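Whenever a hint applies, use it, and build me the whole structure from the sequences.
If you want the building blocks of each chain, they are given just below.
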Amino acid sequence: MNLWRPFAKPPTDELRTRQKDNTAESELFFRRALFALLAVLLGFLAVTSRLVYLQVLNHERFTLLADGNRIRLQPLPPTRGFIFDRNGVLLADNLASYHLEITREQVQDLDATLAALRQRIELSDADIERYRKLARRAPPYTAVPLRFRLTDEEIARLAIDLYRLPGVDIKADLTRRYPLGSLGVHAIGYVGRIDETEMTKLDPGQYSGSTHIGKTGVERSYEDVLRGRTGWREVETNADGRPLRVLSRTPPTPGQNVYLSIDIRLQAVAEKALEGHNGAIVAIDPRNGEILALASQPVYDPNPFVNGIDFASYRALNTSKDKPLLNRALRGVYPPGSTIKPLMALAGLEYGVVNRNSGVFCPGFYRLPGSSHRFRDWKRGGHGSVSMDRAIAQSCDVYFYNLALNLGIDHMHEFLDRFSMGRPTGVDLPGEKGALLPSDEWKRKVHKQPWFGGDSLSAGIGQGYFLATPLQLAHAAAVISQQGKNFKPRVLYATEDPSTRTKTLEPPRPLPPVTVKNPRFWDAVITGMIHVVEGGTAHKIGAGAKYRIAGKTGTAQVFTLGQSEKYNAKRLAKHLLDHALFIAFAPVEDPRIAVAVIAEHGGGGSATAAPLARKVMDAWLLNKYDDSITTDVQPAQDGQSRGD
Amino acid sequence: MVSRVGINRESTPARLGVLLLTDDRVEEANGKFLNLLYLDPLLLVGLLAVSGLGLMMLYSAGQRDLSLVIGQAIRLGLGFAIMLTLAQLPPRHFRFWSPWIYLVGVLLLLAVMVAGDISKGARRWLDLGVVRFQPSEIMKLAVPMMMAWFFADKPLPPRWHHLLGGALVTAIPFILIAEQPDLGTALVVGCAGAFSLFLAGLSWWLLLGLAGVLAAVIPLFWIYVMHDYQRQRVLTFLNPESDPLGTGYHIIQSKIAIGSGGIYGKGWLNGTQSHLDFLPEGSTDFIFAAFSEEFGLVGACLLLILYFFVIARGLYMASRAPDTYTRLLAGSLILIFFLYAFVNSGMVSGLLPVVGLPLPLFSYGGTSLVTLMAGFGILMSIYTHRRTLTP
Chain A
1 MNLWRPFAKP
11 PTDELRTRQK
21 DNTAESELFF
31 RRALFALLAV
41 LLGFLAVTSR
51 LVYLQVLNHE
61 RFTLLADGNR
71 IRLQPLPPTR
81 GFIFDRNGVL
91 LADNLASYHL
101 EITREQVQDL
111 DATLAALRQR
121 IELSDADIER
131 YRKLARRAPP
141 YTAVPLRFRL
151 TDEEIARLAI
161 DLYRLPGVDI
171 KADLTRRYPL
181 GSLGVHAIGY
191 VGRIDETEMT
201 KLDPGQYSGS
211 THIGKTGVER
221 SYEDVLRGRT
231 GWREVETNAD
241 GRPLRVLSRT
251 PPTPGQNVYL
261 SIDIRLQAVA
271 EKALEGHNGA
281 IVAIDPRNGE
291 ILALASQPVY
301 DPNPFVNGID
311 FASYRALNTS
321 KDKPLLNRAL
331 RGVYPPGSTI
341 KPLMALAGLE
351 YGVVNRNSGV
361 FCPGFYRLPG
371 SSHRFRDWKR
381 GGHGSVSMDR
391 AIAQSCDVYF
401 YNLALNLGID
411 HMHEFLDRFS
421 MGRPTGVDLP
431 GEKGALLPSD
441 EWKRKVHKQP
451 WFGGDSLSAG
461 IGQGYFLATP
471 LQLAHAAAVI
481 SQQGKNFKPR
491 VLYATEDPST
501 RTKTLEPPRP
511 LPPVTVKNPR
521 FWDAVITGMI
531 HVVEGGTAHK
541 IGAGAKYRIA
551 GKTGTAQVFT
561 LGQSEKYNAK
571 RLAKHLLDHA
581 LFIAFAPVED
591 PRIAVAVIAE
601 HGGGGSATAA
611 PLARKVMDAW
621 LLNKYDDSIT
631 TDVQPAQDGQ
641 SRGD
Chain B
1001 MVSRVGINRE
1011 STPARLGVLL
1021 LTDDRVEEAN
1031 GKFLNLLYLD
1041 PLLLVGLLAV
1051 SGLGLMMLYS
1061 AGQRDLSLVI
1071 GQAIRLGLGF
1081 AIMLTLAQLP
1091 PRHFRFWSPW
1101 IYLVGVLLLL
1111 AVMVAGDISK
1121 GARRWLDLGV
1131 VRFQPSEIMK
1141 LAVPMMMAWF
1151 FADKPLPPRW
1161 HHLLGGALVT
1171 AIPFILIAEQ
1181 PDLGTALVVG
1191 CAGAFSLFLA
1201 GLSWWLLLGL
1211 AGVLAAVIPL
1221 FWIYVMHDYQ
1231 RQRVLTFLNP
1241 ESDPLGTGYH
1251 IIQSKIAIGS
1261 GGIYGKGWLN
1271 GTQSHLDFLP
1281 EGSTDFIFAA
1291 FSEEFGLVGA
1301 CLLLILYFFV
1311 IARGLYMASR
1321 APDTYTRLLA
1331 GSLILIFFLY
1341 AFVNSGMVSG
1351 LLPVVGLPLP
1361 LFSYGGTSLV
1371 TLMAGFGILM
1381 SIYTHRRTLT
1391 P
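Going down the list, the protein sequences come from chains A and B.
At position 511 of the first sequence the residue is numbered 511 (this note's numbering), and the sequence of numbers has no breaks.
At position 26 of the second sequence the residue is numbered 1026 (this note's numbering), and the sequence of numbers has no breaks.
Please keep in mind that the hints were generated in silico from the structure rather than gathered at the bench.
If you're wondering where the values come from, they're calculated on a predicted model, not measured in any experiment.
Accuracy of the hints is not assured; some may be wrong.
Stated by the list, open to error - Now the stretches of chain B that chain A is said to cover, found in silico as 3 or more residues with beta-carbon under 8 Å:
| no. | region |
| --- | --- |
| 1 | 1133 to 1144 |
| 2 | 1255 to 1267 |
| 3 | 1342 to 1350 |
| 4 | 1359 to 1368 |
Stated by the list, open to error - Quick list of simulated restraints, FRET-style, between CB atoms:
| no. | chain 1 | residue 1 | chain 2 | residue 2 | range |
| --- | --- | --- | --- | --- | --- |
| 5 | B | Q1063 | A | D125 | 53 to 63 Å |
| 6 | B | A1049 | A | L202 | 31 to 41 Å |
| 7 | A | R61 | B | I1118 | 50 to 60 Å |
| 8 | B | Q1232 | A | A96 | 52 to 62 Å |
Stated by the list, open to error - Straight-line distance between alpha carbons at most 25 Å, and here's what the computed DMTMM-like set of lysine to aspartate or glutamate pairs gives:
| no. | chain 1 | residue 1 | chain 2 | residue 2 |
| --- | --- | --- | --- | --- |
| 9 | A | K171 | A | D125 |
| 10 | A | K448 | A | D410 |
| 11 | B | K1154 | A | E506 |
| 12 | A | K133 | A | D310 |
| 13 | B | K1154 | A | D21 |
| 14 | A | K20 | B | E1179 |
| 15 | A | K546 | A | D523 |
| 16 | A | K133 | A | D111 |
| 17 | A | K485 | A | D455 |
By construction, the Cβ of each residue, glycine as well, lies at the ideal position given by its N, Cα and C atoms.
Below is the structure:
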């Protein structure tokens, strides 16, 4: 074999493939390559058309999706407005409180960090357990709170070493505070954490980021005013949801400050006067419907409710037989008793059932025609011959039995309804009850019975089915004092823009006035009410008053005596004692305050309720305030700073 | 005649000597520098343009990580070096080595089956102690080489029994790779064989018949060959929204990236989908989506035109090749390049199912880059050495 031969000439294709026609194959390949090129072109055209579909035809949709991917809206909750009384005394503000939080991804050794923190501040096992539970669910870049309500001392101790503890931070947030505690709680109310049922009803746009909402009182009814408007921050996030930068910011609008028509000094007088009783005092400025005091005893401290009251305390409040959580001024329903008599007298005059001078003989009881049942007068011996004036002043039941029977339930219902009896007055506080002004129709519907004459007699002296709230009675007194001019009771005095501090006074909210055929009817009734205080059932409070008062006592039976039994306060249990009521307005020449007082199981209206009303009227009209209260409650300084 | 046949029966060491000692560069070079280097200037410009754009995009998609770009640049440099090296070899060297490379490749695939490393549920890697590599990658070159070698001395268009032989050459590595399983590489290898058959002049009737057989085989393939995750990919492709957080997430985010780019794009370094990590694999398999997001329809079309230019130039070069072996090899190599570009851009835009093929010369990563550049080296060699073979 010649080894050198291959080097002479390398092998070529022609040598091996003689059957092959290279020219023909080259042409075949060229055709195929051309065809392949066409396929390549078509392939790329398909991709291009797909790109046109995505980038031109559906560009907007995908832009939205891309933005939806990256842009998150973060709510910026507004600062809640403050609440002041009519003189600018602070009733509710926001207090900065500090909590400790840890961002997990910035901590290298969590256990070591926790141990280091434990050396400096008090940390319970429950705190740590809760932190671990929350931190497990939260993304690693979010800060999770560890301890709330740090004291100044703890903050100071932590602040020194904070730089040595990466990921640990002290954060401030605002907590609602009621500096006067329980004073005025039934009017002011409180805020609390938003619960699950509220969450479903709230506008998620406005409340995301907010943790608290007004639960009762003004905090609830003026929630929209106090809350302000949530701001937003558009944040660009990555796929893990980690915020990278802020794209835009709409600052929150802080809530308006609210000034109540309540004078907190008068409120303190009313609450203090009621101390020892369960009951309510409502004082209204009859000229415009402003509520000056809205006291309900017992009271409670709203502050623990803000961040969640503990279960035991709540249960104690909720199950107490004195029901401190009940706002008796709006939601307590009581038989109005004799306090209704001025209205009944007015109705009698209006419908011509009685006239001012016509008299009725009172033997101490009243019998329906053809019946032996005796409807007793509160005075066993009777009042003898009584005119309207004396009937009101002495609170003669027989006169009003007679009047009610002649008036009939339909007229009575129609007339008393004009004073908002049996329906809410429309006060700007939540939960007001309408109580009950009975009617024939109502009795047929609820009791499946027709209205009897006896029912009229009971209703005529504010007993039987008749129920009213203290607010309704105060409102009725206010309307009488204004001779029919009628304003919706309200607690809102003014709102204030927190940044400019410009106050907007709330205008009165007029209601349709109560008109009678003859304006002199008002004089007749009011004169009767003046005589209640001047020589009548409440003559004791009239003594020494520096202004003239018109009033009406009431003693509402809680418990029906047998036909021949005698009411003996000493022998009856406290919860069976009569409710003591009193309504009044003063001064009679130019009424500036109308008051209703109810002391549950207080006994007689003249002995128990009337002096309380006198205290409130004295305070308001003579500027006579208890020193201990006025030193507590200083009017706010001008230019006070807000929590933000 | 006898003596010429005798050359073919020459012992292997002797032929090796021939290969090493013959140098025909001097007689070919006509003085120009690139010709001296056996490189085609137009193809080179196309490849450099695509790679350059890729590096620029990688800087953006890789969150401005310069080390990533430098690493890729080094890989590209290595790829171009391999191309340059292979371009120097005359085509007959490749022809000589074709069956051996193929044989070694098949043996390595068998070795992988027995002793390969498992990673991500697939047995693809072979650890030789010094290097760890995927033998299936070799087959991307070995199959077109072997196919060209097989048809080189057969009269074309091929007879039916020659077709069977060609099909077998492709089927063996295809099945071995599909078994690993590595659907992407199996697809490339299978298509490489198919491209060769097509370019060899497979009759249109047979082509239609094969398409029919394929249609019949797909259901069987679905049931017996494909793995769950592969079936899931196809299902997700058909309806990506059915699994927006799982397998559909990739394609949904990719479509959002492309679509939100619009006509002119968000601008370089301004893509939100890629920069905020919404687009998975934004610098590797899905870099085309990141590119389309930042450069819009205009940029994406420009890139596709560049690819088209490279492929058209490659096909032209292949059609100028002097003989069957070089023609078939060059043609199928450039069509493999097309396959990568088309499957990747189609997958990323939701036109095709998700198959793990990178965008050639563009995606971050080195394995396929080396094979592709080696292929271009062979292509360059075939085109630049052709004059020696035309008497």
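Legend entry - Hint numbers not upheld by this structure, sorted from lowest to highest: 1, 4, 5, 6, 7, 11, 14 and 17
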